[in-house]
Amino acid sequence: GQQLNQSPQSMFIQEGEDVSMNCTSSSIFNTWLWYKQDPGEGPVLLIALYKAGELTSNGRLTAQFGITRKDSFLNISASIPSDVGIYFCAGQGDSNYQLIWGAGTKLIIKP
Amino acid sequence: EAQVTQNPRYLITVTGKKLTVTCSQNMNHEYMSWYRQDPGLGLRQIYYSMNVEVTDKGDVPEGYKVSRKEKRNFPLILESPSPNQTSLYFCASGGDRKKQGANPPDTDTQYFGPGTRLTVL
Numbered sequence: 001g002q003q004l005n006q007s008p009q010s011m012f013i014q015e016g017e018d019v020s021m022n023c024t025s026s027s028i029f030n031t032w033l034w035y036k037q038d039p040g041e042g043p044v045l046l047i048a049l050y051k052a053g054e055l056t057s058n059g060r061l062t063a064q065f066g067i068t069r070k071d072s073f074l075n076i077s078a079s080i081p082s083d084v085g086i087y088f089c090a091g092q093g094d095s096n097y098q099l100i101w102g103a104g105t106k107l108i109i110k111p
Numbered sequence: 001e002a003q004v005t006q007n008p009r010y011l012i013t014v015t016g017k018k019l020t021v022t023c024s025q026n027m028n029h030e031y032m033s034w035y036r037q038d039p040g041l042g043l044r045q046i047y048y049s050m051n052v053e054v055t056d057k058g059d060v061p062e063g064y065k066v067s068r069k070e071k072r073n074f075p076l077i078l079e080s081p082s083p084n085q086t087s088l089y090f091c092a093s094g095g096d097r098k099k100q101g102a103n104p105p106d107t108d109t110q111y112f113g114p115g116t117r118l119t120v121l
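Each protein sequence line maps, in turn, to chains A and B. For the first sequence, position 94 matches number 94 in the numbering used here, and the numbering has no gaps at all. For the second sequence, position 11 matches number 11 in the numbering used here, and the numbering has no gaps at all.
If you are wondering where the hints come from, they were derived from the structure by calculation, not from laboratory data. It cannot be assumed that every hint is accurate.
[Unchecked claim] Simulated pairs of lysine to aspartate or glutamate, DMTMM-like, Cα-Cα distance not exceeding 25 angstroms:
{"#": "1", "chain 1": "B", "residue 1": "Lys71", "chain 2": "A", "residue 2": "Glu41"}
{"#": "2", "chain 1": "A", "residue 1": "Lys70", "chain 2": "B", "residue 2": "Glu70"}
{"#": "3", "chain 1": "B", "residue 1": "Lys65", "chain 2": "A", "residue 2": "Asp38"}
{"#": "4", "chain 1": "B", "residue 1": "Lys57", "chain 2": "B", "residue 2": "Glu70"}
{"#": "5", "chain 1": "A", "residue 1": "Lys106", "chain 2": "B", "residue 2": "Asp59"}
{"#": "6", "chain 1": "A", "residue 1": "Lys106", "chain 2": "B", "residue 2": "Glu30"}
{"#": "7", "chain 1": "B", "residue 1": "Lys65", "chain 2": "B", "residue 2": "Glu1"}
[To be verified] Covered stretches of chain B, as calculated for chain A (at least 3 residues, CB under 8 angstroms):
{"#": "8", "segment": "21 to 28"}
{"#": "9", "segment": "66 to 80"}
It should be emphasised that the depicted structure is a prediction, and the values quoted were computed from it without experimental measurement. A virtual CB, placed ideally from N, CA and C, is assigned to each residue, including glycine.
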């Protein structure tokens with residue numbers, strides 16, 4: 001099935017650094033979502049975007065719905081240890097109601 | 001507390017021995033789905049259900065069955081498990097945010113269960 005291109009695959013950062021990750025698609029989407037999976041748990045929705053160009057924040061997290069409707073990015077400012085986990089992007093188009101998922105970005109914070 | 005529950009959380013079994021992983025949600029969601037998660041592959045959808053008695057194949061349905069006899073339950077059945085079905089499985093539900101123009105149901109804001117780690121020997 002179709003999958004989004006999510007990058008980077010993993011990130012090793014120092015506590016306090018800013019983080020940026022993105023997703024791209026060959027198809028146009030109407031909805032972009034960002035989920036986070038903590039170790040040993042299921043993914044949890046962080047931010048949902050429903051309009052091209054939309055910029056939405058959730059605390060230290062900011063996500064944008066690309067103008068072309070084919071991409072989205074997620075930024076995390078001033079990372080802290082609890083930001084560790086896997087971040088997934090997901091998109092939803094017109095053809096059906098199913099989400100298309102990225103492969104995930106694993107965030108690791110160096111001690 | 002609004003939640004999706006899965007049982008069992010961990011299961012080790014042998015090839016060919018039928019098993020069922022249960023999933024239940026208490027949010028009155030219409031949409032439910034099963035995913036498997038494998039390293040480097042992210043989440044892949046196995047089956048989904050838009051409502052009671054309505055189920056459809058996802059991207060990787062081979063070797064799995066589902067049923068949706070009640071709104072709250074969506075069990076995943078492996079009739080004859082094989083080692084390539086060793087994976088981490090997640091159940092999810094959605095449908096508590098109504099969009100304008102109501103494409104029923106809402107499938108974007110999904111709530112995930114805690115996962116079931118299955119090993120097939």
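Tested hints:
Distance hint between B:Lys71 and A:Glu41 is fulfilled; the C-alpha atoms sit about 24 angstroms from each other, no more than 25 angstroms. Distance restraint check for A:Lys70 and B:Glu70: the Cα-Cα separation of roughly 37 angstroms exceeds the 25 angstroms cut-off, and the hinted pair is therefore not satisfied. Our distance criterion of 25 angstroms between C-alpha atoms is broken by B:Lys65 and A:Asp38, whose separation comes to about 28 angstroms. Our distance criterion of 25 angstroms between C-alpha atoms is met by B:Lys57 and B:Glu70, whose separation comes to about 18 angstroms.
Among the hinted pairs, A:Lys106 with B:Asp59 is consistent with the structure: their alpha-carbon atoms are about 23 angstroms apart, no more than 25 angstroms. With a C-alpha separation of about 31 angstroms, the suggested pairing of A:Lys106 with B:Glu30 is violated against the 25 angstroms cut-off. For the suggested pair B:Lys65 and B:Glu1, the alpha carbons sit about 29 angstroms apart, so the restraint of at most 25 angstroms is broken. Closer than 8 angstroms: that is the beta-carbon criterion, and the segment 21 to 28 of chain B has 0 residues meeting it against chain A, so the requirement of 3 is violated.
Only residues whose beta carbon comes within less than 8 angstroms of a beta carbon in chain A count, and the segment 66 to 80 of chain B has 0; fewer than three means the coverage is violated.
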